[in-house]
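Fit chain to chain and form the complex, with the hints in mind.
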Amino acid sequence: MASWLAWAIGCAVAGLLAPGSQAMAQQVQITSLSDVAFGTVPSVTVNQATSQTLCVFTSSLLGYTIKATGSGASGAFTLGNVGNASLQLAYTAQWAFSGGQTSGTLLTPGQGLRSSGGLNLLCSLGSLLAGTASLIITLPSANLSAAQSGNYSGTLSLMVSPN
Amino acid sequence: MTFFSKNRLSRSVAAIAMLGSLFSAVEAHAATQGTIGTTSSGQINITATIAGLVQITNLSDLNFTPVLNGSSAAQLTENVCVWSNTLTKGYTIKATGNGTSSAFTLASGSNAPVPYSVSWAGTSGATSGTALTTNVASSTFTSTALAPACLAGSNTATLFVSIASTDQDTMVANAAYTGILTLLVTPV
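For the protein sequence lines, the chains are Z and A, in the order given.
Numbered per our numbering, the first sequence spans residues 641 to 803.
Numbered per our numbering, the second sequence spans residues 328 to 515.
If we strip away everything but chain A, and leave its shape as in the complex, we get (with noise of 0.2 angstroms):
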């Protein structure tokens, strides 16, 4: 040995290691810590809680216009994305409208409201849905999105929204109505 003996070095690096367990004594980790020797190991725990999430996205206004001709009734649809993280990618579907009472209505100032309703299909591009019930939440849908936002192209749900024949005779011409529909998405 060059510069010390060898019961020097067995002190020296007992003392290193005296010090350091006096410090991580104080300290309450669970992990567990190295011991000093040719190779030292320790070893941690990782934890962490993912909450059942959904999103939906992929909404766009709807503006009936277009297909206004007081003889049929006007349907708008829009492909949207839902996803869900649950076991099941389960979710409940619950539209609110903004007239009286959460009424899906479309309003123009003091002409009378102009009903419309709401339906919903699990599957995009559906032809057609289940109806809905203002403020009141769906049956159980269940996703296919496999990411927050789905895919490009990849949508999972389909919503309707239709305004009656007899609905339409009530709207005053050239008079414009507009509403608000929420949709609220919660996991199953």
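Bound-form chain Z, shown alone (with noise of 0.2 angstroms):
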């Protein structure tokens, strides 16, 4: 495992000293991300809350930057009731640049968050090691409170780029 992992660091050091270099492009990927189902919710007064592990491997020095957009209007962090489209249920996403976290940064949908640096490797082995990354889905109480009954969906895409 030593000898692969020195390949992927040297790599993306060689990588970093020859940014322009189509053959050296920056790799990255973003993996172990789960659905989030938060069932019937118990409460409507207190945020509901998901947090979930996940894995984004880079090969650039330099990290990356997350980019998240929502499946609501001009790409909205909102769930569409199932029986009436027309009603949304707003969340927020909060991402956080290691694995475990309950709390992050706030995402914006459309805007990048770039993270400090770092060269993630180590997650590419799956579960055997910590992710890198946390993904926070809440569900406001305002929101709830405001929001009719009913079953709500949406899908939340994120994408990765090399800084």
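Treat the hints as calculated values from the structure; they're not laboratory data.
Some hints could be false.
[Claimed, not checked] Facing chain A, according to a computed beta carbon distance under 10 angstroms, are these residues of chain Z, among others: (1) Ser672; (2) Leu694; (3) Thr698; (4) Leu719; (5) Ser793; (6) Ser801; (7) Pro802.
[To be verified] Okay, the calculated bits of chain A under chain Z, using three or more residues with CB under 8 angstroms as the criterion: (8) 365–374; (9) 378–387; (10) 408–417; (11) 467–479.
[As the list claims (entries may be wrong)] Some chain A residues judged to face chain Z by a derived CB distance under 7 angstroms, without partners named: (12) Ala357; (13) Ala358; (14) Gln360; (15) Gly361.
All of these numbers come straight from a predicted model, not from anything done at the bench.
For each residue, glycine too, the CB sits at the ideal point set by N, CA and C.
This is how it looks when you write it as structure tokens:
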């Protein structure tokens, strides 16, 4: 394992030294994403939040940028009522650049959040090692309280690019 | 290339990606995982269900002492908040007394219980309402509350509790009469 890790690190360094080279284009990958199913929310007067640890691999020593887009209008972070699409339930998405976190930086739809740097390689071993990022989805109580009863669903797209 | 050959770069990146794929394969995610590349995108589905909910608040105890005169019906009213999150914001109200067979009565030890009546209006500040029968759900009312517990000063319903003058006449002087009225709200 040490050898491939050395190769990868070396390649990342090489990419840093020659960022304009097509052959050395930095690579990224986001994996270990899981759907978020809140089920029937137990209370609309309390924020409902879930956190998941996922893996972002980047060969760039400069880290990566994460950009999130919701399925609401103009990429908004909203869930649509299954029976009436005009009814929307807004949520928030936070990102932390380490796994196992329950809070992070609020993401803005369509806007990138740039990591401060760092080479993420180990998470490519999957669940054997800790992931490298946390995604926290929250349904704020104010939005839950104002929402009509029913089933809500939506998608959240995450795009990673190397810095 | 400074350190490694182009082929070695490809092999190392591919190896890392394959390892990731190997372990990802044992996880049954419906979410879309990103592939390795100069950018990588993934997608998750988010679902939530909000049950039909109601809440009744701003209830306060009622004290008839200042209004009993024995010559006319004594009525106390209070504005309360009912919130419903259903499509129609509808709800039913069921009032239940704590007298015999859930009767709307006030008790005073061995003295004869005193009956009272209960009415409900679906707006705040109403002057009259629909009579309720103990332990029987009302017809549907509609709430205008936008959030649980309403906003300050924005109640949505009126509760009326009355003691007829003839029933007041049966009350024993200086005896304390008490009762409990339970209100059950159900979303519609």
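Open item on the list: Tell me if the interface restraint on Ser672/Z is satisfied: Cβ within less than 10 angstroms of some Cβ in chain A.
Closed with: holds (7 angstroms)
TODO: With a C-beta cutoff of 8 angstroms, work out whether three or more residues of the stretch 365–374 of chain A approach chain Z closely enough for the coverage to hold.
DONE: holds (count 10)
TODO: Return the status of the interface hint for Leu719/Z: holds when the least beta-carbon distance to chain A is below 10 angstroms, violated otherwise.
DONE: Holds, because the Cβ-Cβ distance from Leu719/Z to chain A comes to roughly 6 angstroms (cut-off 10 angstroms).
Task: Ala358/A as chain Z interface residue, shortest Cβ-Cβ below 7 angstroms - done: holds (4 angstroms)
Open item on the list: Verify this for me: three or more residues of the stretch 408–417 of chain A with a beta carbon less than 8 angstroms from a beta carbon of chain Z.
Closed with: holds (count 3)
Task: chain A contact restraint on Leu694/Z - CB to CB distance below 10 angstroms - done: Since chain A brings a Cβ to about 8 angstroms from Leu694/Z, closer than 10 angstroms, the hint holds.
TODO: Go check the stretch 378–387 of chain A versus chain Z for me, would you? Three or more residues, Cβ under 8 angstroms, otherwise it fails.
DONE: holds (count 3)
- [ ] Using Cβ atoms only, decide whether Ser793/Z comes closer than 10 angstroms to chain A, and label the hint accordingly.
- [x] At 5 angstroms from the nearest chain A Cβ, Ser793/Z passes the 10 angstroms test, so the hint holds.
- [ ] Hold the hint about Gly361/A up to the distance rule: shortest CB distance to chain Z must be less than 7 angstroms.
- [x] holds (4 angstroms)
Open item on the list: Just to be careful: measuring from the Cβ of Ser801/Z to every Cβ in chain A, is the smallest value less than 10 angstroms?
Closed with: holds (5 angstroms)
TODO: Establish whether the coverage given for the stretch 467–479 of chain A by chain Z is satisfied; the threshold is a Cβ-Cβ distance below 8 angstroms, and no fewer than three residues must meet it.
DONE: Coverage by chain Z holds for the stretch 467–479 of chain A (3 residues, Cβ < 8 angstroms).
Open item on the list: Holds or violated: the hint that Thr698/Z contacts chain A, with Cβ atoms closer than 10 angstroms.
Closed with: With a minimum Cβ separation of about 9 angstroms from chain A (threshold 10 angstroms), the hint on Thr698/Z holds.
Checked against the numbered hints listed earlier, the structure breaks none of them; every hint is satisfied.
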